[in-house]
Amino acid sequence: MSTTTTAHKTKWWSGGKSPFNLEYGKVMMWYFLMSDAFTFGAFLISYGSIRFSQNFWPDPNVVFNAFPGAGHANLPLAFVSVMTFILIISSVTMVLAVHAGHKGDKAGVIKWMFWTIIGGLAFLGCQAWEWHHLITGEHAVLADGQIEMIGQTMGGNPWGNLVHDNAALTAALNNTPHETLVQLVHSHDHSKTAAELTAMTDVQLRGMVDLTEMHVREKGPIAFGGYFYGITGFHGFHVFSGVVINIIMLIMTQKDVFKNRGHYLMIEKAGLYWHFVDLVWVFVFLCFYLI
Amino acid sequence: MEHPAFEEVTVHHEHQDDATFKKKVRKTTILLSVITIIELAIGLIIYTMHKGESPSELLVLMFKGVVCILTLAKAYYIVAVFMHLGDEIRNMIMTIVVPLLLFVWFIIAFIYEGNSYKNLRNTYDKHFLESTTPVKHQKTEAPAEQKSGKE
Chain A
1 MSTTTTAHKT KWWSGGKSPF NLEYGKVMMW YFLMSDAFTF GAFLISYGSI
51 RFSQNFWPDP NVVFNAFPGA GHANLPLAFV SVMTFILIIS SVTMVLAVHA
101 GHKGDKAGVI KWMFWTIIGG LAFLGCQAWE WHHLITGEHA VLADGQIEMI
151 GQTMGGNPWG NLVHDNAALT AALNNTPHET LVQLVHSHDH SKTAAELTAM
201 TDVQLRGMVD LTEMHVREKG PIAFGGYFYG ITGFHGFHVF SGVVINIIML
251 IMTQKDVFKN RGHYLMIEKA GLYWHFVDLV WVFVFLCFYL I
Chain B
1 MEHPAFEEVT VHHEHQDDAT FKKKVRKTTI LLSVITIIEL AIGLIIYTMH
51 KGESPSELLV LMFKGVVCIL TLAKAYYIVA VFMHLGDEIR NMIMTIVVPL
101 LLFVWFIIAF IYEGNSYKNL RNTYDKHFLE STTPVKHQKT EAPAEQKSGK
151 E
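Each protein sequence line maps, in turn, to chains A and B. Once you know that position 128 of the first sequence is 128 in this note's numbering, the rest is easy, because the numbers rise by one and skip nothing. Once you know that position 149 of the second sequence is 149 in this note's numbering, the rest is easy, because the numbers rise by one and skip nothing.
Derived by calculation from the structure, the hints in this document are not laboratory data. Virtual Cβ for every residue (Gly too), placed ideally from N, Cα, C. Check before you lean on any hint, since a few could be wrong.
[Said to hold, decoys possible] Derived list of chain B stretches under chain A, where covered just means 3 residues or more per stretch with a C-beta under 8 Å from a C-beta of chain A:
hint	region
1	37–48
2	63–70
3	112–118
[Unchecked claim] Quick list of in silico lysine-lysine cross-link-like pairs, DSBU-like style, CA-CA up to 30 Å:
hint	chain 1	residue 1	chain 2	residue 2
4	A	Lys269	B	Lys23
5	B	Lys51	B	Lys64
6	A	Lys269	B	Lys27
7	B	Lys51	A	Lys106
8	A	Lys269	A	Lys103
9	A	Lys259	A	Lys111
10	B	Lys64	B	Lys118
11	A	Lys103	B	Lys23
12	A	Lys255	B	Lys22
13	A	Lys17	A	Lys269
14	A	Lys26	B	Lys118
15	A	Lys103	B	Lys22
16	B	Lys51	A	Lys26
17	B	Lys27	A	Lys111
18	B	Lys22	A	Lys269
19	A	Lys259	A	Lys269
20	B	Lys64	A	Lys269
21	B	Lys22	A	Lys111
22	A	Lys255	A	Lys26
23	A	Lys269	A	Lys26
24	A	Lys259	A	Lys106
25	A	Lys17	A	Lys259
26	A	Lys269	A	Lys111
27	A	Lys259	A	Lys26
28	A	Lys259	B	Lys23
29	B	Lys64	A	Lys103
30	A	Lys255	A	Lys269
31	A	Lys17	A	Lys192
32	A	Lys26	A	Lys111
33	B	Lys27	A	Lys106
34	A	Lys103	A	Lys17
35	B	Lys23	A	Lys111
36	B	Lys118	A	Lys103
37	A	Lys26	B	Lys22
[What the hints assert, rightly or not] Some but not every residue of chain B turned toward chain A, in silico, with C-beta under 7 Å:
hint	residue
38	Val9
39	Val25
40	Thr29
Excised from the complex, chain B in its bound form (with noise of 0.2 Å):
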């Protein structure tokens, strides 16, 4: 563009050519392809271990770790490339960002949160502790136990 289109833009990005471009969206595609492949493969595993005798906690826990961080791969590739904000001046960049890591205590207080009340409950309602706990295969409870889950 020859002529600014509005007066607080002053410097124009340059825009890349149409290969580099196309380059670029079909390179940034192929990966959250395949990310969300793999993601869906580990769903699968995840799966097929529920259904086994006995599955293993921490690896299970692992794998969901493992889909939690290619799932902030697939947001990082979405908000750069495709929203453009890596292609923004360093200080818009921040004014994004540097708010959204409240986000980091959000999450670690409100999980530590439900897990303790679930602690709780467990320690003080012994009613709520037999009546959602997953019984294992070989175990028969009397039939007066079987409550719904959750009132």
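Isolated chain A, as found in the complex (with noise of 0.2 Å):
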């Protein structure tokens, strides 16, 4: 490529040309990204420093086993890898925006612009449906002699150490309140209503309630639901205001503005910011779906 004579010319800089002969905008946004990849680096360091110093973690893959559609069905990683080909796909159309914005084809730029943007948007309901069923999906844990059904929020996490001890886990459930006893019973029994489960005696909802089937936990480390959420909403956040600045660029394609400039540079300093998003995503897919 073009590069290597390029890179010859300007190894040495001697004054009256840019060193690096990039505009000053991309070189602004490369570091920018720089700085923006410590920030991301630094959330993430310090939550395996949490992990290292704990002896139970979760298990990523009893965590994230839900699918849009699919009840109750366990398929893990299953949600997370449609997530990751949305953004990489998103990526791909972006390198084709930037590419038609090289030859002026303003066309070619609304387009590929056009699907990036369903991407980003496409992400971001899938990372609201998997927040809102992780909160409100709740599951049986058993603390202080009794059950409790919490879902996974800052406060509490019910992935803990599956509990295998069955007398404990019986004489927990003499203990548990009515209420709890009616959620725990709706959440794997869907023929009868709340409603009628209320109105029976808790002797008959113990015995509707299979302790071995229902996988019982302790509460997990608190820290999870903080890290999950802090670190995947601070790059939800990224993927909205990237989609932000799409929908920007692509308006003012639309009204000429880049034509009339002469060049499409805004486009390629979109598609930079729009690429680390996905870049940072390959990051945190490893460190709370993989590993």
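Fit the two chains together into the complex; they arrive one by one in their own frames, and the hints show the way.
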């Protein structure tokens, strides 16, 4: 490629021209992204540090095993791989938009920017579903000698060690208040409505619970929720701002701003940001879902 | 482009013709997808290993190491090809990459720190050790010891 000659001519900077042979805004975008990489890096390393300080950490395949419309089916990694592919594909459409900009092909830029925005919105939709599912999906945990139903929130983590001690579970079930029993039965038995279950006695409700089937766990490390929502939320915020920037770029292209300017460098800079969002997701995916 | 759009850009990168460009993008896309699929496969292998009676710690750690390396490969392709950093002047590449080398120290120091904190707590805080260490299937704990995972 051309870089060999370019690099040769500008190897030693002798003044009078840009040492990097790059437009100012693009250089600054690179340095911004580098600093942003340190922000994300600090978050992820702090998560790693806390994780190494625990004897137990929830298995991601147990936590992230749901798929929209699949009910209670156990599908580890399925949904997050969809999200990952959405981001990779939207990165590719961004490359194509930048390339169309190089050629001054306005229609091409509009077409590929549109698909990039769609990809970004699809990713955000997936993330919203995933968060909603984790926060509202309640799981049975054994805490303080009784069964509790908790979701994955900032203040509670239902993914602790599996409880194998059936005697302790039976004892805990006898201490469990009526409302929790209703929730517990309702979470796996949909043949009766919550109102019907509420009308039943505690003894009847206990008889409907199969504790070995329930996979009751202890409470897991509280830090899990804060790190997960904090880091994926910060990444989601980057995706959101990327989508907003892309929409602005699309409108500016439509209004011939770049055509009149004679170049589509702004698309390149927005593209750098968008690829960075994909790059960060690669590491978030690694740290939270794979290892 | 005949005339430079900005005065600081003195030498233009020659733009590849459409065919080479399309080939390069297609190749990179396929590469990224294949690496992701391999990562997912390894993730599922780790999952099945965890479900087994006694997963080999070393093997799980090795698989996790492989996933980390694959992720770095993915990051390299995104930055070098999609972000075109590979096409820039060497000095420009260095001003981005050299500061990122701080991460080597950053990761080692903080992971070591976390691990050391765990060892100290396990040594001096027996309650932490007993209440958070995973229990094997056969052993049964007395109900009194069933405590929440972490304070």
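Right, here's what the structure says about each hint:
no., hint, verdict
1, 37–48, "holds (count 7)"
2, 63–70, "holds (count 3)"
3, 112–118, "holds (count 5)"
4, A/Lys269 <-> B/Lys23, "holds (23 Å)"
5, B/Lys51 <-> B/Lys64, "holds (16 Å)"
6, A/Lys269 <-> B/Lys27, "holds (23 Å)"
7, B/Lys51 <-> A/Lys106, "violated (54 Å)"
8, A/Lys269 <-> A/Lys103, "holds (16 Å)"
9, A/Lys259 <-> A/Lys111, "holds (15 Å)"
10, B/Lys64 <-> B/Lys118, "holds (21 Å)"
11, A/Lys103 <-> B/Lys23, "holds (17 Å)"
12, A/Lys255 <-> B/Lys22, "holds (28 Å)"
13, A/Lys17 <-> A/Lys269, "holds (21 Å)"
14, A/Lys26 <-> B/Lys118, "violated (44 Å)"
15, A/Lys103 <-> B/Lys22, "holds (14 Å)"
16, B/Lys51 <-> A/Lys26, "violated (49 Å)"
17, B/Lys27 <-> A/Lys111, "holds (22 Å)"
18, B/Lys22 <-> A/Lys269, "holds (21 Å)"
19, A/Lys259 <-> A/Lys269, "holds (16 Å)"
20, B/Lys64 <-> A/Lys269, "violated (34 Å)"
21, B/Lys22 <-> A/Lys111, "holds (16 Å)"
22, A/Lys255 <-> A/Lys26, "holds (22 Å)"
23, A/Lys269 <-> A/Lys26, "holds (6 Å)"
24, A/Lys259 <-> A/Lys106, "holds (8 Å)"
25, A/Lys17 <-> A/Lys259, "holds (26 Å)"
26, A/Lys269 <-> A/Lys111, "holds (18 Å)"
27, A/Lys259 <-> A/Lys26, "holds (19 Å)"
28, A/Lys259 <-> B/Lys23, "holds (27 Å)"
29, B/Lys64 <-> A/Lys103, "violated (43 Å)"
30, A/Lys255 <-> A/Lys269, "holds (18 Å)"
31, A/Lys17 <-> A/Lys192, "violated (77 Å)"
32, A/Lys26 <-> A/Lys111, "holds (23 Å)"
33, B/Lys27 <-> A/Lys106, "holds (25 Å)"
34, A/Lys103 <-> A/Lys17, "holds (25 Å)"
35, B/Lys23 <-> A/Lys111, "holds (20 Å)"
36, B/Lys118 <-> A/Lys103, "violated (57 Å)"
37, A/Lys26 <-> B/Lys22, "holds (24 Å)"
38, Val9, "holds (6 Å)"
39, Val25, "holds (6 Å)"
40, Thr29, "holds (5 Å)"
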